[in-house]
Amino acid sequence: MNTTLTTCPYCGTGCNFYLLHDDIGQLTGLEPAANHPVTRGQLCVKGWNAHAFVGHPDRLQTPLIRKNGQLQPTDWQTALDLLHDKLRTIATRQGPDSLMFLSSAKVSNEENYLLMKLARAGYGTNNIDHCARLCHSSTVTGLVETLGSGAMTNSLSCFAETDLIFVIGSNTTEQHPLIGSRILQAVQQGAQLIVADSRRIRLSQHADLHLRHQNGSDIALLNGMMRHISQEGLEDRTFITQRTENFSALQQALEPFTPEYVATITGLSSQQIMDAARLFAEADRAMIVYAMGITQHSHGVDNVRAVSNLALLTGNLGRPGTGINPLRGQNNVQGACDMGALPDVYTGYQRVADPQIREKFSAAWGVPLPETPGQMSTHAIEAAAAGKLCGMLVLGENPVVSDANQTLVYQAFEKLDFLAVIDIFMTETAQLADLVLPAACYAERDGTFTSTERRVQRGRKAVEPPGQARADWQIIAELLRRCGLKGDYTDPAEIMNEIASLTPSYGGIEYSRLEGEGLQWPCSDNTDPGTPILHTRTCTRGKGHFSPVTYRPPQEMPDLEFPLLLNTGRTAFHWHTGSMTRRSHLLDREERQAFVEINPTDAEKYQLAERQQLKVTSRRGSVSVRARLTERVPPGQVFIPFHFAESAANVLTNNALDPESGIPEFKVCAVRIEAC
Amino acid sequence: MLKQLDRADIDHLLDSLHTAYRLQIPQQLPDGTRHLSPYTPTSVLSLSGEIVHRKPTSFFFPQVQKLVSIDPTGHARDLQKVEKPLALFGLNRADLMGIQFLDRFFLAAPADDIYLSLRQDALLIGLTGFSGPDKSFLPLSTGNCDIELVALAGHWLALGHSTIGKKLLDPYARGLNSELEELRQRDENSSGDLELLQQASHLLMNDLVPDSFWAEIAGRCILCSGCNMVCPTCSCFCVQDRCFEETTERSRVWDSCQFDAFMREASGHNPLGTEALRTRRRIHHKLAADIERWGEPGCVACGRCDRSCPTGIGMMAVAGEIVKRYGAGRR
Ligand code: SF4
Ligand code: SF4
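Chains as they are written, first to last, in the working numbering: chain B, 787 to 1462; chain Y, 729 to 1059.
Take the hints with a grain of salt, since some may be wrong.
Once the Cα atoms are required to be at most 30 Å apart in a straight line, the calculated DSS-like pairs of lysine-lysine come out as [to be verified]: (1) Lys794/Y x Lys1247/B; (2) Lys872/B x Lys1329/B; (3) Lys895/Y x Lys863/Y; (4) Lys863/Y x Lys809/Y; (5) Lys894/Y x Lys863/Y; (6) Lys1247/B x Lys863/Y; (7) Lys812/Y x Lys1247/B; (8) Lys853/B x Lys872/B; (9) Lys1272/B x Lys1146/B.
Cβ pair distances, simulated, as ranges [unchecked claim]: (10) Gly811/B x Thr891/Y: 35 to 43 Å; (11) Gly811/B x Asp743/Y: 25 to 33 Å; (12) Ala1017/Y x Gln858/B: 32 to 40 Å; (13) Lys1146/B x Gln756/Y: 37 to 45 Å; (14) Gly1040/Y x Glu1145/B: 21 to 29 Å; (15) Thr1336/B x His997/Y: 47 to 55 Å.
Rather than coming from a laboratory, the hints here were simulated on the basis of the structure.
These numbers come from a predicted model, not from an experiment.
By construction, the Cβ of each residue, glycine as well, lies at the ideal position given by its N, Cα and C atoms.
Could you put together the complete structure from these sequences and hints?
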C-alpha cells in the first residue's frame, strides 16, 4: 500500500490526509494525517470519502468538440488549437473584453495564477473571476476597507484560546466540520457560545444564546448589539483610541438602533439583543465566526462592515482567541483570490488600476496589460444574457447549478458564440459547451492550496489521471504558449517561484518550505515563518476603520403571493453542485434527492405531509422537491439545498446583487409551496 | 523455546521475511503518522510509539475492496491474484485481538473467500513490552500471533506462538524466562481500560443508561463516521457497483452505523432514525450485543475512535462518562 500526503479537496479548513493506493494505481482509501496541526488524525465525512469519486466511470477522459450538435471525441492538439483560435478571434474581432474567464476555487494556486495570466497577458482582458464572487466577495470588499486585508484574521488554533465564540451565519459543524468540532470542544472547555442563525443548527443546541433572527436582518442585530455595548460603557476605549478611526461616525449611525427598534426588524426580543451585547462585550477574548449567512445578501458588504465594527468596538482583534473569522468554503477559495483570479487585482490583491503595479506585471510577463478592471462573474452572466459577451472559458465551475436565477444563466450560455469548459465530469455547464477538456483531479496533480486560515499547503499527485485527462496547469500552459507567452513550466513548483517573485505576501512561499505544516501568509521572504494572526500591532491598512452601516431589507421579501422566505445552502454530505459527492457512494446514499425543510406549523397551514413531493415556486421558476418537516427552520421560512441539479434551488433564487461586491442574494427570496 | 533478539537480529529477521512475504512494518509517514508501510532494505523501522494509526485489519478488509469484475459478455473476470502472503510486523495486543475478532466474523462458515485469500497464509508478528509511546509498557499478547517480540531495554524476547513462528525463530539465541515472567506480572496490573469497558458494559446490559444520555452524546456527533472507519472490529460494509465501458465492478466499502442511510428502508422509514438511537447502537453493539453473541466485547480498547472523534465521544470517553454518571454503587 502506497501513501501520498495531500490536502482535502472539499472545504477551506485545510485538513491533510494520506491517499492510499495500490500497485496498479487505484485508490483504496485514505488515512487522516495524525500530526498535522489542523487534522490531528480527524476528518469529516466528506474527507473520509474524498477518494471515492476519483476513479468514477463518469470521469472525462478525452477532449470533446461539438459537431452537428453533439460533443465528439477529438485529440488535444485539435482541441487546444481550436480553443486558442476561437478566443483569439473573438478578442480581435469583438474586443478582448467580450471574453470572460471563470477560474476555480477547486484548482491550485498555480493554476489560478496561470489562468489569470492567460486572461490578462494572453488575451488582453481583466475579465477574470471565480466563485468567490458567490461566497466571500463581500468579505474581501468589506474587510479590505476596514482592516486592509480580506482574510480570516486569526488561526484555527485560536479556538482553544478563546472565552467566547459568536457564530453568525455559519452552520459550522456541517460546512466546516473540523472547525465546528473545535467550537464544540471549546464549549466543553468552558468557552461561551452565541449562535445567531434562523435555523436550529447543531451548534445552537450547545449555545448559551441562540438568536433566531429574521434572515437578512443581521445589520439591525449587530448595530443593536453595538449600540447597547456603547450605552453600557462596555466598549474597549483604549483599543478604539489607539487603533481605530471614525468612531464618532459609528456612534451616530448606531443611534436609531434601540433594542426595541431592532426587535421589530429581527423578530427577537429586546432582552435577547441586550443579553447578546453584554455577553459578547464582557468576554476578554471573543472570536466572531461567519460565513454565507453574512455574505450572501444584497447588502453583504454592509453586513461584513457591521461584523468588523463589532470586533473593533470591543477590541477583539490582533490577539490570540479573538478576530474576525470568515470561513472560506472551498479548499482553495482563499488561494484563488490571493492569486488574482478576480477582475480588479493581480496576485496578493495588487490593484490593476495602479499604474506602478501594472507596470511591474507587464515587465515580468513581457506584454502590455489592460488598464480597466474587468467584469465580475455575476455581471458577466447578465452581460452574456444581454448578448454583450461572446466567449467564455470556464475552469472547474458549474454556474448552471451554482449561480442565482438559473433561467438567466441558461440564457447567458445560450447566447454565447463560444463556450469552453475544463472539468473532471460532464457537469450541467459542460453539457452546453462547444469544447470540453478533461482535467486531472486533486489526487492526480501537484499544486498548492491556501486554506481559510491562510495556510498554503501542498496537494500531491497520488495516481495518474484517467485516459487523456491532463492537469489544469498543463492545459493552461499550452494556451499560454500559443499566445506567445512562457508555457514551458516543468512543474507547479516553478510556477510558484514566479508567483512569489511578484507577490509580496507570498514572497517566502517555495515548495521546499511547504513540506511540514505549510506556511500562513503573509510570508514575505524565505526566512519569514509566516503569520498566524493578522493586525497584531496595527491593521494592514494602519488604523482599523469604523465603517458605519444602516439596515436595508433584502430585495425580495415574502408577500401574499409568495408567502414564504426561501433560504438556500448546503447539507453536510454534499458539496456544491454535487458533481463529486453525488458520485461518492456513501455520501450519495445519505442524501439522494432534493428536499425542502418546512416547519410543521407551515406544513399544517398549507396541508403538506412528510415526504410529500412539492412544487416550490418563486418569481423566477419552479422546482419539485420532497417535504421534510422539521423544527430546524422557523415558521415562515423554508430551506432547500442547492446540490441537486434536477431540482435546482437556484431556479428559484434571486439574482439581486450587492452593489459593491456583486454577490447574489442566495439567502433570501420569496416562494410559495403547493402539492405537486 | 523462548528466544532473544538484538537490533541486528530484528533486521535479519525482517530481511529474511521480505522475500517470501509482502512485509509491512511500522514507519513514520512525513507528518509523523505511524503507519504499517511496505518494507524495503532502506526503510526506517519504528520500534516504539503510538499504536499504528491505520488499523491493521485494513490489510485484509480494506476501505474499498473489489469483489468481482464482470466483462461485457456477463462473465466474471479473475480478480488480481495475491502473489505473496502478507506479513504484518509490530502489532500490539489490541490489534491482535482486533484481527482475531474480525477473523471470527469473516471466516465463520461459509468463509468470506476474499478475506480468506488475504488472511490465510498471512504472518502476524506482535510487538509488546516496552514499545509504546516513549517506550512505555504495552501488555503482552494472548498468543494470537505467529511471533511475538517483547521489547526490553536493549533487546527483545521472542516467542514463537505458531509452528511457522517457532521455525522462523530457530536461528536466534535463547532468552531468559525470568525476564518474561517479570513482565507477565506487570501485565496483569495494566488493564485499566478493559475494566472501564466492563463496568460500562454492565450498566448497559442492565439498562441503566437513560435515553436522555444518548440524546446528549448524539448532540455532539458531527456525523463524520471516523469512529467506525478506524475501528478494527467494525465489519459493516456496503456494496458499490460501477459500470465502466469494458467492465462492471462490484466493490465493498466500509460503512458506518452513524449514517442515517445505514438502516433506512426503501420506503424512507428508518428503525434507527435519530442520531441518539444510532449513537446508542454504536456503543451498545460493542459493549452489550457482542458480549451476548460472542461472549466478549467488540471493543479491544485500541483507542483509535477516541483519537479520531473530532468531538471527544469515542468509546473510552463515552464509557467513562457512563460509569461516572450511572456507575456509582450500582454494581
Ligand atoms: S473539514 Fe473540510 S478540509 Fe477537513 S476533511 Fe472535512 S471537508 Fe475536508
Ligand atoms: S467519530 Fe465522533 S463525531 Fe464522528 S461519527 Fe463517530 S461519534 Fe460522531
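We went through each hint and held it up to the structure:
1. Lys794/Y x Lys1247/B: Between Lys794/Y and Lys1247/B the Cα gap is close to 23 Å, so the pair holds against 30 Å.
2. Lys872/B x Lys1329/B: violated (48 Å)
3. Lys895/Y x Lys863/Y: Holds, at about 28 Å.
4. Lys863/Y x Lys809/Y: violated (39 Å)
5. Lys894/Y x Lys863/Y: Given that 30 Å is the threshold and the Cα spacing comes to 26 Å, the pair holds.
6. Lys1247/B x Lys863/Y: Not satisfied, since the Cα-Cα distance of roughly 35 Å exceeds 30 Å.
7. Lys812/Y x Lys1247/B: Since the Cα atoms of Lys812/Y and Lys1247/B sit roughly 28 Å apart, the hinted pair holds (cutoff 30 Å).
8. Lys853/B x Lys872/B: holds (15 Å)
9. Lys1272/B x Lys1146/B: Distance ~17 Å between Lys1272/B and Lys1146/B Cα, so the pair holds.
10. Gly811/B x Thr891/Y: 35 to 43 Å: holds (38 Å)
11. Gly811/B x Asp743/Y: 25 to 33 Å: holds (28 Å)
12. Ala1017/Y x Gln858/B: 32 to 40 Å: Because 56 Å falls outside the window, the suggested range is violated.
13. Lys1146/B x Gln756/Y: 37 to 45 Å: holds (43 Å)
14. Gly1040/Y x Glu1145/B: 21 to 29 Å: Violated, since Gly1040/Y and Glu1145/B (Cβ atoms, about 55 Å apart) do not stay within the stated range.
15. Thr1336/B x His997/Y: 47 to 55 Å: Given a distance of about 50 Å, which is inside 47 to 55 Å, the answer is holds.
Of the hints listed earlier, those the structure fails to meet are numbers 2, 4, 6, 12 and 14, in rising order.
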